[in-house]
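**Q** Add chain B to chain A, keeping to what the hints say.
There are 2 protein chains.
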Amino acid sequence: MTEITGRTRVFAILADPIAQVKAPQGLNRLMAERGVDGVMVPLHVAAADLPTVVAGLRATQSFGGAIVTVPHKTAIVPLLDAVSDAARLVGAVNAVRREPDGRLVGEILDGAGFVAGLRAAGHDPRGASAYLAGAGGAANAIAFALAEAGVGRLTVHNRTPARVEDLFARLRRLHPALPLASAADPAGHDLVVNATSLGLRPDDPLPLDPAGLAAGQLVAEIIMQPAKTPLLAAAAARGCRTHPGLPMLEGQLALMADFLRMRP
Amino acid sequence: MTEITGRTRVFAILADPIAQVKAPQGLNRLMAERGVDGVMVPLHVAAADLPTVVAGLRATQSFGGAIVTVPHKTAIVPLLDAVSDAARLVGAVNAVRREPDGRLVGEILDGAGFVAGLRAAGHDPRGASAYLAGAGGAANAIAFALAEAGVGRLTVHNRTPARVEDLFARLRRLHPALPLASAADPAGHDLVVNATSLGLRPDDPLPLDPAGLAAGQLVAEIIMQPAKTPLLAAAAARGCRTHPGLPMLEGQLALMADFLRMRP
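Protein chains in written order, with my numbering: chain A, 7 to 270; chain B, 7 to 270.
What the hints contain is simulated information worked out from the structure, not anything from laboratory work. Do not rely on the hints blindly, as some may be mistaken.
Pairs involving identical chains hold if they fit within one copy or between any two copies, as the list cannot separate such chains.
[Unchecked claim] Below, a list of computed lysine to any residue pairs in the SDA-like style, where the Cα atoms sit at most 25 Å apart:
1) K28 with D264
2) K28 with A38
3) K234 with G12
4) K234 with R13
5) K28 with R269
6) K234 with E9
7) K234 with T11
8) K28 with R207
Note that the structure is predicted; figures quoted are calculated from it, not measured.
So that you can see chain A by itself, here it is in the shape it has in the complex (with noise of 0.2 Å):
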């Protein structure tokens, strides 16, 4: 990293809890190879505090945007300026940009990245069977990156259905033909998915149930930190291939540079 001075624009994420986040080493990296002036730091905000710190950030004239995570995605879209037309139909925003009057901009990444987090892997969602753990921020996002990225038919797990029927419903506005179903299996589906955040805790319960992995199966995560979660270790065991949840924010940086504006 080039040396921080006056000058530097400053980035941040926004997440709770904060120590396992991988945006700042990512993002630090492709500036200083950029030879962008800014730096990216870990903003530990509890979800009661978000207002208060993004009325803090929007005051802040060398803030330059944030990435933001659990458990705050879906809640900062009332506390922006705008939203692109994506990220307002799923809900949620990954990336909020301050634009040089303070207004600030969100965009939704997360379901880009997956998708080209995947293709990065050799896996081609196109066609593929999908099946969903989660309809919060993160699943909404990439339940529309998989429509758009063509898969035949997506199933959506969720402990309140009323949310599975919520998404959907904004599905079939953008994708009218793709076949939906709510059910809790993921038995029969060539890509497996988990989109909650259980996981990122060792005592969380598993998001699905393994009964329904077999062989032949790609089991994928978005969870980074651990890198094998207990879900991917029960689907290796059970014969599945896995994708761990890295290659989702590898495959958005790229995207996260350009949208925060990290330029020279």
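**A** Frame of chain A, contents of chain B only:
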């Protein structure tokens, strides 16, 4: 600097303008030498936005504290939960520590740093006749530190005489025997100090009339950028020794790091 991760503590300097600040370079170097997992970044904050930004920093659990400089040193005092006795008497702080429970505690280190910088350059102020331009936050801190260091008499100049009288009333509480005078002319003083922000911008007027400067005097600045202010240039042209602003920061880097608990 060591790599920034999700575990790195974040420190800031709050200023307007911001480009000239030197604390990030000095304290990031010091943290690297001490093996501290922390980073200091520049936050450009206008005076009107200070309460909003301070509220945001208070709510950020990975925020360790801030260096505070022009124009925030006095304005930030009522925004804090506690200040040291010295800071309360001076009416300004230049360092704020965030305690783990979110309480913000302020301290003033400018004066001690200024005197440490003078001594490191071989100039002991003990017994000297001293002239101080300014009666703001930094000037107050330096006045108390010069009194503590044992100057023989102290003259203060400010466009608003009431601010000088107010400073004197507080100085007399701690140093009742020190001769004090309010006067514009720096002539006849061993040590002449600019403790205003005049000289920060190219079109600023001089903080004092250079006709009162002559060989034998030491003329000192608190402005760090530019290193050679118009006042120092005028002083050198009249045969004075000069002392730039940077040693005041260097003199207090270790004091700042200790106060901000920059420890491995």
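**Q** Now, for every hint given, state plainly whether the structure supports it.
**A** Verification of the supplied hints:
{"no.": "1", "hint": "K28 with D264", "in the structure": "within (18 Å within a copy, 29 Å between copies)"}
{"no.": "2", "hint": "K28 with A38", "in the structure": "both (16 Å within a copy, 21 Å between copies)"}
{"no.": "3", "hint": "K234 with G12", "in the structure": "between (40 Å within a copy, 19 Å between copies)"}
{"no.": "4", "hint": "K234 with R13", "in the structure": "between (40 Å within a copy, 20 Å between copies)"}
{"no.": "5", "hint": "K28 with R269", "in the structure": "both (20 Å within a copy, 23 Å between copies)"}
{"no.": "6", "hint": "K234 with E9", "in the structure": "between (35 Å within a copy, 23 Å between copies)"}
{"no.": "7", "hint": "K234 with T11", "in the structure": "between (38 Å within a copy, 19 Å between copies)"}
{"no.": "8", "hint": "K28 with R207", "in the structure": "within (16 Å within a copy, 40 Å between copies)"}
Of the numbered hints listed earlier, not one is contradicted by the structure.
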